[in-house]
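A.B. asks: Listed below are the residues making up each chain.
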Amino acid sequence: MKPSQKEWISRLVDGLLPVFATLAALLVGAVMLLFLRVNPLQAYAALWEGAFGSSNALAETLVKATPLLLVALGICISFRGDVINIGGEGQMIVGALLAAWLGLTFTDWPGWVMIPAAMLAGFIGGAVWGGIPGFLKAYFNVNEILSTVMMNAIAVQLMNFLLRGPMIDPSQAELASKIPQTARLVEAFRLARLAPTRLHLGALIAVILAVLVYILLWRTTLGYRIRAVGQNPHASRYAGINVKRHIVMALLLSGAFAGLAGAVQVFGVNYRMITDGSASGFTGSAGFNGIVAALFGQLHPIWSIPASVLFGALLVGANSMQRAMQVPSALITALNGLVVVFVVSSEIWRQRRQRRRLASAPETESSPGSGAASPESAEEAV
Amino acid sequence: MIDSNRLPSGQPRIESLEMRGVSKRFPGVLANDRVDFDVRSGEVHALLGENGAGKSTLMKILYGLYHPDEGEILLNGQPATIASPTDSINLGIGMIHQHFMLVQTLTVAENVALGLPSSRGLLTDLDKVSKRILELADIYGLRIDPSAYIWQLSVGQQQRVEIIKALYRGAALLILDEPTAVLTPQEVDELFVIMRQMTRDGHALIFISHKLHEVVEISNRVSVLRDGRKIGTKMISETTKQDLANWMVGREVGFVPDRGLVQRGEARLTLEAVSCGSDRGTPGLRGVSLDIFSGEILGIAGVSGNGQRELAESITGLRKVTGGRVRLEGQDVTNFLPGELTERRLSYIPEERMRDGMIKDFSVAENMILREHHKMPYSRAGFLNLGEIARHSQALIQKFQVKTPSQETLAKNLSGGNIQKVVIARELSRSPRVIIAAQPTRGLDIGATEYVRQQLIEQRKAGAAILLISEDLDEILALSDRIAVIYEGQVMDILPREAATPEKLGLLMAGVKEDAVA
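Chains A and B, in that order, give the protein sequences.
Quick note on numbering: the working numbering labels position 103 of the first sequence as 103, and the sequence is numbered without any gaps.
Quick note on numbering: the working numbering labels position 510 of the second sequence as 892, and the sequence is numbered without any gaps.
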């Protein structure tokens, strides 16, 4: 059955829907800018310029997008398994701490050993931090939204303790300011730069992992089981799947990718672990924004790539807009929020439209009722 | 004193109601195509048709839930506008839905009064309501206690509350949407007594049912819908069940499948005094013992909620057995995991196929391998073998005549009958030793039902031991070699098919042992 021309058009509309939604959000943002007596065209020009205007700007956008994408990949796994992971921040922190400790302790290792080992350490740190709430959910029925958020708080305290105490940069330890940061990593451990900008190997790793997560979810038995448990635990049990184990697995893997994002942040961007005492001081809120990017990418690892780039661009571009136009920083947050609201709404609209289309799909063969969807059976299905 | 234009309830009669040339189009589907339908005072007019034939659409138009695209409705010869259920209630049309619209924690009187203005303003007038309920109950022979709570009532009694609710609101014409689906044979008989009383008094009744023998028993006239069109209307006296079945399906139907002779073999599944809990924490099964032999179908008859679900789940490893033993081909498999039972070729067609048997956002192909997704050749070293999965599901789609645009179609977009075909294909293609089939034809139309039954017969021929759990007595009687009746988690009795009559089974289903009666 070849899709007709009409179908192509409606598919195209569906595909471009997030773009339209983003434009609509910017339109509302423009109204807000007008109230602040700022020329929206100039402001948005500054935003565009900041995000994509030069190779440096583009590189910054991609640098910001990298942790978003890594967190988003984990979110794709956990949300597909019907486990809500709000603990990306904490998982990033713990992954980064473990990786940083490794990098600062074994300074004599060659780079080609240390970098994979550090990435693995980040992966494991995040996996532990995600696995604990997963275990609590599966075996003690503890709500994972609450437990992952609480694990964030624990991770922040752990980070502040270590970065102000045992892991503090020795040079800071002697100063009165005592900025919570570690020493710098030796040069051999830094992730290679991909161009004469700040763009680093982590971005490439993230894109490759996106493909691997796609394979994991749709081409492996483990992915099949995680998705099955997420869609219908009853039928999964009947299918002989250990439901509890796969709930743990979904959160554990989700945490692992966030932990990796933390490690990449340390080894690719800052070359040390640094914070201002809050979680976002280290993560830049990537643990939360990654959730938005994943939802924007319809919980699909490949679609999460452009979604992460878009949010990276908004973050970078909004900063330069703020500098150029002197708008309050709260507006940047509002603009981000608007995009989320519009895109999520457009997604709901798209799903309704699709359901209507399915309900009205002409029979492929034979009579109504025995074929795909009749009004009666469609209603029952809803 | 007696006003012949009025019903005993005091309402004016509906002498005739006519739907003329009614069409209803949903995007892409013509649900009703110029349908003519009429019902008169003092008759039961049955509306027959398969799922999706347009019966519900037509009745929803009459009740004001849908608006027709074409056609008109004439009430006593006058054009009537029915824009909402409020309009239809005001005109004297009532509807008894298949699923009762009752609040379990309220009394009968409170349920009847619900949604109506009180004669005492902000205060309730339940005494007045109760009095009126008793009056109506008296007139129509509906024994009911207005102060009883709904949860205390049996299903049959709850249905009577629904009827009283409609009468209280002044219904002269009643639409009964599959009213017998949830009743025991005795309760069906009682309902029919009430229906006859109502028609004698001048009510007009529309009776929707799948069950031909009931239609033949209670109706005066019958109309058959197929694919949204009316095939015809006949007096019941001028037609036969076979004619009606052929009309519904549009071809000759094998009515009772030919079971053939099969030599009964060894005991494949044995239950020894099995007990387990229910979801509510009460005992679900209380010491059930059964033997099911190779080449036989053992039917489990019973009113819904008497332990059928618990029975199926405790055999299939989905519910913890708290007492007794389950043996599969002699081996103790009590509380084995579902996966281990799959290995031993136990197949299960679950009662709630959408909840337990299917993942609705998975494709047909993904659903076809649900039980064996981790095994060769569908999975190799942890990776799914998509080519093999596609080949396998394509073969099953063809063999089991699943109607689907493709194997990539999501299960939720298939019709109920085709979803069940996917489950059947998956479960029966594994040459099962034992099959647990729970309500395998519930909600399916005649064509699909016939198909599913035929498949079970085939498996019986192939030597499988089959446990058939069904609330449809006709199905149990048509397919089973032996029939066990379950009541409150216990097996009341096991009858050979020859000795089982609907009357005998009905008594057992209500918990009455025959020797106790005599």
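I should point out that these hints are in silico values taken from the structure, not numbers from a laboratory.
Among the hints, erroneous ones may be present.
Partner residues aside, some chain A positions facing chain B, computed with beta carbon under 8 Å [said to hold, decoys possible]:
| no. | residue |
| --- | --- |
| 1 | 135 |
| 2 | 170 |
| 3 | 171 |
| 4 | 221 |
| 5 | 228 |
| 6 | 231 |
| 7 | 232 |
| 8 | 235 |
| 9 | 237 |
| 10 | 238 |
| 11 | 240 |
| 12 | 244 |
| 13 | 295 |
| 14 | 298 |
Treat the numbers as computed from the prediction; the structure is a model and nothing was measured.
We treat Cβ as the ideally placed atom computed from N, Cα and C, and that holds for glycine.
A.B. asks: Now tell me if each hint is right for this structure.
C.D. replies: Tested hints:
For residue 135 of chain A, the shortest C-beta to C-beta distance to chain B is roughly 20 Å, which exceeds 8 Å, and the interface hint is violated. The closest approach between the C-beta of residue 170 of chain A and any C-beta of chain B is roughly 46 Å, which is over the 8 Å cut-off, so the hint fails. Because the smallest distance between the Cβ of residue 171 of chain A and any Cβ of chain B comes to about 48 Å, over 8 Å, the interface hint for this residue is violated. Among the interface hints, the one on residue 221 of chain A holds; its C-beta lies about 5 Å from the nearest C-beta in chain B, closer than the 8 Å criterion.
For residue 228 of chain A, the suggested interface contact is upheld, since its CB lies about 6 Å from the closest CB of chain B, less than 8 Å. Interface restraint check: residue 231 of chain A against chain B, minimum CB-CB distance 5 Å, threshold 8 Å, status holds. Restraint check, residue 232 of chain A versus chain B: the minimum CB separation of about 5 Å is within 8 Å; hint holds. At a threshold of 8 Å, the smallest CB-CB gap from residue 235 of chain A to chain B is about 5 Å, leaving the interface hint in force.
Against a cut-off of 8 Å between C-beta atoms, the interface hint on residue 237 of chain A holds, since the closest Cβ of chain B lies about 6 Å away. Because the closest C-beta pair between residue 238 of chain A and chain B is about 5 Å apart, less than 8 Å, the hint holds. Look at residue 240 of chain A: its Cβ gets to within about 3 Å of chain B, closer than 8 Å, so that hint holds up. Checking residue 244 of chain A against chain B by beta carbon gives a least distance of about 12 Å; that is not within 8 Å, so the hint is violated.
Hint status for residue 295 of chain A: violated, given a least beta-carbon distance of 17 Å to chain B, over 8 Å. A cut of 8 Å between beta carbons decides the hint on residue 298 of chain A: the least distance to chain B is about 13 Å, and the hint is violated.
Figure legend: structure checked against the earlier numbered hints; hints not met, in rising order: 1, 2, 3, 12, 13, 14.
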